[in-house]
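Here the protein sequences come in this chain order: A and B. The UniProt record's numbering applies: residue 1 is where the first sequence begins, and numbers increase by one. The UniProt record's numbering applies: residue 1 is where the second sequence begins, and numbers increase by one.
If you're looking for bench data, these hints aren't it; they were derived computationally from the structure. Each residue gets a CB set at the ideal place from its N, CA and C atoms; glycine is no exception. The hints are all genuine.
Among chain B residues calculated to face chain A with C-beta under 7 Å, some are: (1) Arg-32; (2) Gly-34; (3) Gly-133; (4) Pro-135; (5) Tyr-294; (6) Gly-296; (7) Ala-305; (8) Val-309; (9) Ala-331.
For reference, the chains in residue letters:
Number of protein chains: 2
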Amino acid sequence: MKPVKVGICGLGTVGGGTFNVLTRNAKDIARRAGREIIIEQVATRHPNPNVDTGTVAVTDDVKNVYTNPEIDVVVELIGGYTIAKDVVLGAIENGKHVVTANKALIAVHGDEIFAAAEAKGVSVMYEAAVAGGIPVIKAVREGLAANRINWLAGIINGTGNFILTEMRDKGRDFADVLAEAQALGYAEADPTFDVEGIDAAHKLTILSSIAYGIPLQFERCYTEGISKVTPEDVEYADELGYRIKHLGVSRRTERGIDLRVHPTMIPVGRPIATVDGVLNAVMVNGDAVGDTLYVGAGAGAEPTASAVVADIVDIARGYDAPAHASVNHLAFDKIEDVQVLPIEEIETAYYLRLQVEDKAGVLASVATILSERGINIEALIQKEPKSEETKAQIILLTHKVMEKQMNDAITAIEALSSTVGSVTRIRVEHLN
Amino acid sequence: MKPVKVGICGLGTVGGGTFNVLTRNAKDIARRAGREIIIEQVATRHPNPNVDTGTVAVTDDVKNVYTNPEIDVVVELIGGYTIAKDVVLGAIENGKHVVTANKALIAVHGDEIFAAAEAKGVSVMYEAAVAGGIPVIKAVREGLAANRINWLAGIINGTGNFILTEMRDKGRDFADVLAEAQALGYAEADPTFDVEGIDAAHKLTILSSIAYGIPLQFERCYTEGISKVTPEDVEYADELGYRIKHLGVSRRTERGIDLRVHPTMIPVGRPIATVDGVLNAVMVNGDAVGDTLYVGAGAGAEPTASAVVADIVDIARGYDAPAHASVNHLAFDKIEDVQVLPIEEIETAYYLRLQVEDKAGVLASVATILSERGINIEALIQKEPKSEETKAQIILLTHKVMEKQMNDAITAIEALSSTVGSVTRIRVEHLN
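Build out the structure end to end from the sequences listed, making use of the hints.
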């Protein structure tokens, strides 16, 4: 069968990994795809010391790739929104299929890109955009196609998971571990995308669109980072039988869709709670299948390349099939415009930690505030002041309640004269 | 687009689940498949009280389904090798695609069935045959297509995992838990297929074929059940930081393929070690992606139906595409005849437990036997006799060694005058 010819734009970490995997495993990949996959051209401005491009044509202008009439599939591995978007739209315009690992581009401009692709009858594949090498896009779009998806939750940023794991294992604080992660190359010099949850929000936005058949709504995703998680909270979580993870959570409710990334306490008995280090994990609950869990490397040259190349193989296998034989870009053929709930409207359980004056009646006042708002307490620890201190700590877990009621309760608790400073709040998900 | 018409043969647990999921989620499934999926006919000899077949035609003769000219896809959910094989081959003969959940049929007769399907240009899909609702066939055949798979390991029998979990959680013995599992309906009246590992061997055979591109070789799979695992071993495993799971293990080595199902000790830090109860889990290691893990329900009406219906959706989506656009039945287009190693030739680490006379020099004799055969000891516990006993126990973990060397060492240890009875041996896999 006629080979499929690929042009790779970007030869950084993932581009280099893709080049190397396609080259090293060429024989097995051809046996799986039913035809040879040939790297026809590469666009890069900087040579990658880990890649020997051999006889493959190299250009420094991406336009040479996406307009190259020899090329069937353009692989966009540049990142960002500018050149990457030109490459993807340019490739589509020239009738080429596209594979990308660019979560930001898909989460923010996916609707425009998929519309252009559908008009041209080409596919834009993006398995590598979510959870690196874990084939979770394929699982949700195809493997769970029988199901009405109820909810999904994921540890989808390896940097954040590494930091939280180190904080717990070694009792270290956030800033300390972040500095080390930067030195090790696990975290960027500007860590905002990772630790403030923006990267995770991009991925969660994509996952929830393909889970529920709704438009990409990145701008409505609630995003809260992990920089305020303290070693104290990590320790209390342990004591209560929980782990703190930076979780993307999305749930279908009667009132709309939850879409949120925040530090989250998870019962230690749930397998996702013990997925540690730089690993990623995604849980998906469907009405027929129940809970499923997918774990693996969420980043890195070859794990991400694994997903990129799987997409290329899918395109190669179905290269001369009619366009409708490909999976819909957002899983469903017609997208339903379902509302994303504002964070005040979501329902979840909470962990609260507050410092109080160590005197009689304080605990009763706090309990009354919660009870008046219909908030039930599931567990409570009161820590007496250490010898040199005068403040006690109250740590409690609540049952599920709507966030705005919890906001109201926290305001009232903070207004008590016996409360010192502000209340720490971490959402709790039992994932069932 | 023209609907796809399905005929379901068998309306038991999985057949009923499939009928109900296809009916309940028909609208969403059509949005995903790009066309309607209609249940045209059902063959069953016994009504299923959980299913309302409504206006769907019901026959008691499967031949009416697989020869029905209206039907595009025949779904075989009868089980076993006899009628099920007639249905599958009959459907293929009549030019219909097939979906089956029948692991035994695929593991034993798959090569014949796939050859017939390829001659007719139809697909035989079998996601539900391995690990129920977990889309692991899709992950290995498609999601990890970039990779040279190095090894895989799975908890792929829910009954066995339930029994081992109960034994550990409650300190109960095998026979006791099995009786309860039978009463609860988790285990069959004849539990041989589950507890002796035959069911797991069927599934492992299928997984390793699609992982390495080798023929189905069920008859060469080494199979050892869990009936001899004692509460004592479960407890010592815990003490050493391990869990005992009934694991299917397959590894690509330079000398051939490992293919074996047996009780296995796994370090507790590996997420698969804590997958408990009736859940299934499969770890797959690829050269690019590293380790990936897939967890979910391995059995049950709707989890299994989830996989069956996903296969139907795949067929429906690509219904009028050329046959080569479908995934190869065993993942690769040409199958390589690689040798499956006899169990004596595999390399693994071991847990040994032996009862010895409590006298000086016994430990030294055992250590000498191991050392003379190049077997290194990683950990050792010696348990002094309890007050009423005179026998001590030696529990040890070894480094990796070839099984035949371990057999030889065990024979020598059992021949020592100070050894009482036979040596208990459990293989240890670090899964890295």
